[in-house]
Amino acid sequence: MIQRLAMLADASIPPSVRGLPLRLISNKRNCLTRTAASVLEIGLSFFFSTEPLFYRLVACREFGTRVNKARLPGGADDNLVKVWDVHQGLLRYTYRGHSAEVADVTVSYCNQMIASGSVDKSIRVWSLSTGETMQVFHLHTAVVARVKFLPFVDQTRRYLVSCALDCKVVFYPFDENTREFAQSDIVVFDERESPGARIISLCHSPSGQWVVVGDTHFYLRVFRLTRGPEGGVTKFTDICAHSDRVDSLEWAHAGCQFASGSRDGLAKVWKFSCGKWRSTSLIVPGFEPLDAHFSAIASSERPKSKYRVTMLCWSLDDSMVVTAGSDYILRVWSRKGEMLRSLPGHTDDSFVLKAHPTFPNVILSCGHDGVMVFWDLIKGEKLKRFTNTVEHRGHSALFDLDISRDGCTVAAVDSLGHLTVYGVASKPTRPVPKQQFFNTDYSPLLMDDTGWVLDEATGVAPHLLPPPLLTDQDLVPLADEWQNAVPGRDLIRKSGTSFEPFSSPWIARLVVPPLSLNERNVWAEVFLRILVSFKEV
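By the working numbering, the letter at position 188 of the sequence shown is numbered 188, and the numbering carries on one by one without gaps.
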């Protein structure tokens with residue numbers, strides 16, 4: 001019956017993309033219940049940035065894959081964290097407070113908070129809904145490398161974790177309902193065992209029970225979270241995993257297994273068995289690793305042309321591991337260490353690999369050659385290729401990308417600060433301004449000893465300021481059409497007056513809506529089932 005309905009729907013209203021799996025509900029353009037009106041709605045395909053939106057962008061590790069699908073947060077080296085309206089292609093809100101570049105951004109699984117780590121050694125936690133600063137942490141003494149909200153569930157207790165170049169790993173417990181952090185329960189692990197060591201990578205299991213960090217002195221540090229009155233965070237083990245820095249870590253989508261990659265040219269698949277972590281090496285033919293003892297002693301004398309792993313990822317069904325190397329070739333491996341095929345296609349290093357959230361055989365890659373590719377891992381073919389060309393500059397290196405949960409929208413950022421959003425649609429959306437800033441983005445802030453900030457000109461917290469003006473990079477206001485799209489300024493258009501709004505729009509509105517209590521309860525049950533189903537013990 002479903003197949004017959006699909007045939008009738010295709011005959012009556014041709015789909016925008018043919019050959020997709022049959023689904024009653026997919027999106028308005030391709031579902032079986034589509035109408036002529038829904039197909040004509042404006043889609044999600046636009047290239048709305050050909051000029052800098054940020055001056056220089058630090059690779060943002062997380063572009064809101066758990067945020068409402070219309071919202072896209074990103075952090076940059078202009079010290080700001082910004083949220084974009086993907087459907088309209090417009091800037092929605094700017095979180096201010098950092099005094100140096102933003103290194104990493106994470107969103108809580110309940111859509112209530114957004115946290116960022118910075119070169120200024122601080123971690124800031126904001127309300128995702130109102131923009132209010134909720135916490136400022138100064139527990140690190142060096143650049144924050146990674147910050148991550150964990151999906152771990154223990155009644156209403158949740159965790160934020162961070163690691164930095166000072167070799168500290170910090171776990172911050174908080175209550176999901178009150179969003180209050182238990183300062184006295186913060187757990188700090190100092191993992192510096194030798195001078196010069198730095199922690200540079202982090203991953204966690206699907207349930208958040210396991211956390212693994214990698215450092216520059218070849219080690220993996222494994223931590224475990226447990227539930228109950230006697231639960232908490234404990235150090236599980238240290239593993240000397242590689243003969244060079246461990247800069248790539250990726251946990252599988254299910255089960256108790258993860259992959260690590262290193263400059264020593266090896267990637268390894270780790271599985272928890274009989275109380276121990278056991279590894280399988282993925283060795284590239286012709287690039288067999290040096291003896292570990294010799295490599296550790298003579299690391300400074302190794303030739304610079306030596307092969308190294310730059311990034312890795314798992315396929316959606318965890319049947320394959322994909323690695324990117326310094327020879328610019330992607331390689332597909334089985335979990336048992338067998339190399340299945342090579343995927344040439346890049347001409348420079350690739351530092352981003354993502355599994356497609358819908359199709360198990362598809363991944364995305366992008367690199368410093370400015371190329372983004374959709375790969376079919378089974379056939380070893382390119383499904384789609386995009387080049388990030390910049391007028392009068394050739395191509396611009398791509399630093400990061402992320403993909404929506406339905407797989408229909410991809411966002412990418414490049415070395416010039418451009419944000420580009422690709423999507424599945426029959427036609428592009430309306431043109432939007434190529435440069436988008438708020439006039440308050442770079443206004444001076446007053447900061448006290450604890451890191452809390454006020455706007456210097458008004459003495460008001462940034463989230464309580466009136467609606468800003470939307471400008472170009474020279475702070476020249478854009479046309480009224482775009483000013484009326486700024487949250488809070490749309491009231492001017494509706495009222496037909498010319499008064500300037502004097503109160504914050506986020507008193508009565510939400511930057512990003514949080515999950516309801518019922519949705520949060522359902523989410524918690526799902527992650528508890530993950531913990532039990534995949535036996536993360």
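Simulated from the structure, these hints should not be mistaken for lab results. One or more hints might be untrue.
List of simulated lysine-lysine pairs, BS3-like, C-alpha gap at most 25 Å [as the list claims (entries may be wrong)]:
1. Lys-121 - Lys-168
2. Lys-336 - Lys-379
3. Lys-271 - Lys-354
4. Lys-336 - Lys-271
5. Lys-276 - Lys-336
6. Lys-306 - Lys-276
7. Lys-336 - Lys-354
For each label pair, taking beta carbons as the anchor points, the in silico distance ranges come out as [said to hold, decoys possible]:
8. Ile-283 - Leu-8: 51 to 57 Å
9. Asp-448 - Gly-380: 21 to 27 Å
10. Asp-376 - Ser-281: 25 to 31 Å
11. Glu-132 - Gly-286: 23 to 29 Å
12. Leu-8 - Asn-484: 50 to 56 Å
13. Arg-430 - Asp-376: 30 to 36 Å
14. Glu-525 - Leu-464: 34 to 40 Å
15. Gly-380 - Glu-132: 47 to 53 Å
16. Cys-240 - Ile-186: 48 to 54 Å
Think of the CB as a built atom: it goes at the ideal place given N, C-alpha and C, for glycine as much as any other residue.
Status of each hint after checking the structure:
Note on Lys-121 and Lys-168: the hinted pairing holds, with a Cα-Cα distance of about 12 Å set against a maximum of 25 Å. Of the supplied pair hints, the one linking Lys-336 and Lys-379 holds, its CA atoms being roughly 20 Å apart against a limit of 25 Å. Simply put, Lys-271 and Lys-354 have alpha-carbon atoms about 21 Å apart, close enough for the 25 Å limit, and the pair holds. A distance of roughly 11 Å separates the Cα atoms of Lys-336 and Lys-271; the hinted pair therefore holds under the 25 Å criterion.
Distance restraint check for Lys-276 and Lys-336: the Cα-Cα separation of roughly 18 Å lies within the 25 Å cut-off, and the hinted pair is therefore satisfied. For the given pair, Lys-306 sits about 31 Å from Lys-276 by alpha-carbon distance, which is inconsistent with the 25 Å threshold. At most 25 Å may separate the alpha-carbon atoms for a hinted pair to count; Lys-336 and Lys-354 meet this at roughly 21 Å. A C-beta distance of roughly 53 Å is found between Ile-283 and Leu-8, which places it inside the suggested range of 51 to 57 Å.
The hinted range of 21 to 27 Å is not satisfied by Asp-448 and Gly-380, whose Cβ atoms lie roughly 57 Å apart. At about 26 Å, the CB distance of Asp-376 to Ser-281 agrees with the hint of 25 to 31 Å. Checked against the given bound of 23 to 29 Å, the beta carbons of Glu-132 and Gly-286, roughly 55 Å apart, lie outside it. In this structure, Leu-8 and Asn-484 break the distance hint of 50 to 56 Å, their C-beta atoms being roughly 42 Å apart.
Arg-430 and Asp-376 have their C-beta atoms about 33 Å apart, which keeps the hinted 30 to 36 Å range intact. Glu-525 and Leu-464 have their C-beta atoms about 37 Å apart, which keeps the hinted 34 to 40 Å range intact. A hinted range of 47 to 53 Å holds for the C-beta pair Gly-380 and Glu-132, which are about 49 Å apart. Under the hint 48 to 54 Å, the C-beta atoms of Cys-240 and Ile-186, about 28 Å apart, miss the expected range.
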